[in-house]
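Student: Chain by chain, the residues:
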Amino acid sequence: MREVYRKFGRVVRYEQGVTITVTEAGEAIETPESFIATPIQGAADALVRLPRLGAAVFNIACERLVLSHGVAIHQFNDIEWTEETKRLHVSLTHGRIRAIIDLDDFDFPLVERIAQRLREAKEEREAPSRISVAPHVARAILPNLIGTFEIHQAAGGRDGKGQLIERVTQPPWPNWYRPSYRVRPIRKPLNLVAVSPNTGIDENAPRAIALLEPPDGRTVRVLVDAGSDVYPATVHVRRIDAVAPGGEMMLG
Amino acid sequence: MTTFANASRDELWLDGVRIESRLSHGIAHDGGDTIVASDDYDEELVRACEESLAELRRLVAPDARVRVVASARRVRDVVMRESTITTTIGGVSIVGSDAASLRQWLAIEPTTEWRGQPIVWRNGSAAVLLHEAIGHAAEHGAVPVEWPSWLSVRDEPPFPYDDCGNEARAVDLMREPPSCLRRESFRDVPLRRMTNVWVRHSCPTWPDENVWPTPVEVFLVAGGAYDPLTDLVTIDVAVSTAGAFTLRKPRAEIAASLAGAIGEPLHYPGVICSREGQELAVGSFAPVLVTR
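In order, the protein sequences belong to chains W and L.
In this text, residue positions in the first sequence follow my numbering: the first is 1, and each later residue adds one.
In this text, residue positions in the second sequence follow my numbering: the first is 1001, and each later residue adds one.
Think of the hints as simulated: they come from the structure by calculation, not from any bench.
Hints may be right or wrong, so weigh each one.
[What the hints assert, rightly or not] Computed footprint of chain L on chain W; a stretch qualifies when at least three of its residues, placed anywhere within it, have a C-beta under 8 Å from a C-beta of chain L:
1) 140–153
2) 223–235
[Claimed, not checked] Pairwise CB distance ranges (calculated):
3) L:ARG1175 - W:VAL195: 53 to 61 Å
4) W:ASN198 - L:ASP1098: 30 to 38 Å
5) W:HIS236 - L:ARG1169: 46 to 54 Å
[To be verified] Part of the chain L face toward chain W, derived, beta carbon under 7 Å:
6) ILE1019
7) ARG1022
8) LEU1023
9) ILE1027
10) ASP1033
11) ALA1037
12) SER1038
13) LEU1181
14) THR1230
Note that the Cβ used here is the ideal one computed from N, Cα and C, for glycine as well.
Pulled out of the complex, with its shape left as it was, chain W reads as follows (with noise of 0.2 Å):
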């Protein structure tokens, strides 16, 4: 069996105050016992561009701030797809609190709203008993959870192989995930959901909104909106109370 996978892409980013816009084409090669990546004549015609940064003053230390904009044509075996993908990634710190964001879109007011919440953060505190987890903090921890809570694969896009990513409740995962021309893919779940029969989120519960480390297993350091008071809290996943449609977490 031998598979031929090609890229075409061409990614802007911005990171380190410089902005690189970066054009390649590459072909990889796979058997068995064989993996063969190289260049290749080509590119992905393609505008890529990433916002305005004026608006991007978060007023509060900022640590990092990466964002991308690609546009890739991939194409395996006799298959051709499209991609497009938004990044951003901010690391903001107020003291000796370091919150983590990663989003798919470059959603600054959310940043925003975040960076004044980190700004009245006070002292570590013990977790609430019942916190609801924001979207892009229950997306770090749901590759964590699997095994354990019920994690399905939801059905969107094409996977490093080209197939269509269908829904799937439980291993094996069928998908491939391959996030460059240079790299072997790899098995693994993609478009990860939480279920729960129950959608219903508790808006008095305090909030996870940002993570403050990467997660530990089914451990994670969140940043807790809880109205009055903001603080850092070390949160353990025992129960999923909930889960809304647009991915938000009841955790009890």
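Please arrange chain L on chain W, whose structure you already have, making use of the hints.
Tutor: Coordinates of chain L only, in the frame set by chain W:
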């Protein structure tokens, strides 16, 4: 405007069989706060990589996981080459091809547990500790802490120009950040990074081991980190007389814990330094050093 061109060939070998192979090449045109990069072909650089790779292949150990990387870059019309070979056995890696030495280190049986005892950093491993505690702290402009007067930690670039065409300059990392801007490839933004860390000392005497409990001897380090926000230094020890363990201390405590050093700097087999997702090999040399 600076032009940076690079090419790299890398291969992954498992038990003497090549299982992965990659070629990469491209050119980046720097214009202040913008860079325009594409995967343009530079025949001379690719040929240089192929030549280096042929030499690296001869060093591949037959019963290990081995990654070989040959790269070449052109800045200010000067071609600079770099070759790296990483040998992994049992999940522990060295930068180098000496699989026999790696096996010897892996055979070291733990005789104690890590309970905060003094540490003798053998095999040049203190270079990793000070790479994190002094080198990365300098890159981030951390506030000065008091280091022993007998200690010297310098970055001494082994190439004439950095990746932005500036003359590469040796610096005292205890006083200033590295001089060189480096990038992993044409796709990356240049960052101020270490190149080749030399730890030296003028310590007149070896610390009196009789006043301490039995120290832990460290031979290989799996990784390390410096957090500029908390000023914490983390070292994940892979091979020691206390087995694998993690040391995490504030930078000032690391500085205060340095108790002495002995001998000439030894080449530590390996630092692949990752920052902002860009992996670069950094030369590492240090004498045997003691922390209490």
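Student: A separate judgement is required for each hint: does it hold in the structure or not?
Tutor: Here's how the hints hold up against the structure:
no. : hint                             : result
1   : 140–153                          : violated (count 0)
2   : 223–235                          : violated (count 0)
3   : L:ARG1175 - W:VAL195: 53 to 61 Å : 57 Å, holds
4   : W:ASN198 - L:ASP1098: 30 to 38 Å : 59 Å, violated
5   : W:HIS236 - L:ARG1169: 46 to 54 Å : 50 Å, holds
6   : ILE1019                          : 6 Å, holds
7   : ARG1022                          : 4 Å, holds
8   : LEU1023                          : 5 Å, holds
9   : ILE1027                          : 11 Å, violated
10  : ASP1033                          : 5 Å, holds
11  : ALA1037                          : 5 Å, holds
12  : SER1038                          : 5 Å, holds
13  : LEU1181                          : 10 Å, violated
14  : THR1230                          : 6 Å, holds
Violation of the numbered hints given earlier is confined to hints 1, 2, 4, 9 and 13; the remaining hints are satisfied by the structure.
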